[in-house]
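There are 2 protein chains.
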Amino acid sequence: MTDRPLIFVTNDDGIHAKGLRELVEVMQLFGDVVVIAPEVAMSGMSNAITADYPLRANKLSEESGITVYKCNGTPVDCVKLGFNHLLDRMPDFVVSGINHGANSSISVIYSGTMGAAIEGCLHGVPSIGFSLLDFTPDADFSKAKIYVARIFQAVMENGLPRFSCLNVNIPTGSPKGIKFCRQARGKWVEEFDKRTDPHNRNYFWLAGSFHNYEEEARDTDLYALERNYVSVVPVKVDMTCYDSLEELKNWKF
Amino acid sequence: MTDRPLIFVTNDDGIHAKGLRELVEVMQLFGDVVVIAPEVAMSGMSNAITADYPLRANKLSEESGITVYKCNGTPVDCVKLGFNHLLDRMPDFVVSGINHGANSSISVIYSGTMGAAIEGCLHGVPSIGFSLLDFTPDADFSKAKIYVARIFQAVMENGLPRFSCLNVNIPTGSPKGIKFCRQARGKWVEEFDKRTDPHNRNYFWLAGSFHNYEEEARDTDLYALERNYVSVVPVKVDMTCYDSLEELKNWKF
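Chains as they are written, first to last, in this note's numbering: chain A, 1 to 253; chain B, 1 to 253.
Looking at chain A on its own, in the form it has when it is part of the complex:
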């Protein structure tokens, strides 16, 4: 037995991603680590769950306080399966990432990295999703890891409000510091690359660029990231639009 915290590590880039190894390297400083990660890349899988085929998980290794499983499901499946079957006890923290690529602004709703963090906090476990603004497979996480450690330590000390998690995005290079922000309003535009196959049939690759609806707002994650700060957005699982709820109650049917 140990009194070190139990830290659940997962991601959406899959078990072989560099960002996952880097995250484990930081987390083993703070506690015992269990990795349960998708066996293949699951980017853009959001909060998806798998009900149409059975899930499997295989233990790949167990040594010096680090246990590693791969799973054939989504990031959320990994968290659910871990909590319900693979772990001996509920973890003290869930950390997801380090994602290869940004999950700022509206990308929070598409992100498998954040899907896993959201799932963690839904079960009452303090959870954090970490993303680096570099989607290349061999991205340099060395500076990012310093911020991962600082933010994780702050969460250990302060805890997190129940049913909320953190969406942390880290710029490349040398960040200037950490800013707590709200999610910027934005959307992806021009989202497909249309091509024709050798049989003259059309197909479409998802692509696109990001449009920030509020470039001037200074309290958003995009504003912080563009100025080379690490952005931290507290995320909650209640999607109710309270601003309009009272007004809607006046509708006549």
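No wet-lab data here; the hints were simulated from the structure. Be aware that a few hints might be false.
[To be verified] Pairs of lysine to aspartate or glutamate, DMTMM-like flavour, derived with a Cα cap of 25 Å:
id : chain 1 : residue 1 : chain 2 : residue 2
1  : B       : 176       : B       : 226
2  : A       : 187       : A       : 243
3  : A       : 249       : B       : 62
4  : B       : 59        : A       : 25
5  : B       : 252       : A       : 243
6  : B       : 18        : B       : 62
7  : A       : 187       : B       : 88
8  : A       : 187       : B       : 92
Put chain B on the given structure of chain A with help from the hints.
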């Protein structure tokens, strides 16, 4: 040319689902209909997007104001591909469903039905996800359709606040009326059925029951549904936890 509104219909149960046909039947009363729906069932796909393989869409039919495409992607892919390539103009409304099964409370984050509605409103189009509390393939939608029509008509008349959509859940039987609600706090528990295959390897089926964290609260969707009312939750795409944002800014690093 026509001045009837253009209504985009999709779902997550797939192009062959009864609930989709029933929704089209209601929508053709109000406008011209374009269906772009997943070619296979995509339940639980949340806001997932497809970046790892190319998307295809095939027009299946076009007659009397109803055009139908199937797509090999997720519900969100269907919306994005429709908006960006398949439609001649942006639709006036996006409606998703009628889902076979509930999407109340926290299920909003896992639901492909709601993923599509959320994607619609993100692009500024008034969007609604409809779900019936009966997951059977041959569910009886006859009473539900009356409420679908009433709620759609109210949205046509009143519009919706920008960047928000409606999550409508309809009880079986004869509902007593319509209640605007907030999303109940809850989670899925005991989520896997563990089995052993003929080769003595474990596998897991996602299953489980729902736990309502706040049974007594009278303003939630679950409360309304349990009392046989149609629940309507306005949903927004901003997941920022504003309640904790100011407090977090006091953290020292």
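Hint by hint, here is what the structure shows:
About 11 Å separates the Cα atoms of residue 176(B) and residue 226(B), which keeps this hinted pair within 25 Å; it holds. The straight-line distance between the Cα atoms of residue 187(A) and residue 243(A) is roughly 21 Å, inside the 25 Å bound, and the hint therefore holds. Restraint check for residue 249(A) and residue 62(B): the C-alpha separation of about 38 Å exceeds 25 Å, so the hint is violated. Pair hint residue 59(B) plus residue 25(A) does not hold up; C-alpha atoms about 50 Å apart against a cutoff of 25 Å.
The suggested pairing of residue 252(B) with residue 243(A) is violated, with an alpha-carbon distance near 32 Å, which exceeds 25 Å. The suggested pairing of residue 18(B) with residue 62(B) holds, with an alpha-carbon distance near 19 Å, which does not exceed 25 Å. A threshold of 25 Å between alpha carbons decides the hint, and for residue 187(A) with residue 88(B) the separation of about 20 Å falls inside it, so the pair holds. Between residue 187(A) and residue 92(B) the CA atoms are separated by roughly 18 Å; this keeps the pair inside 25 Å, and the hint holds.
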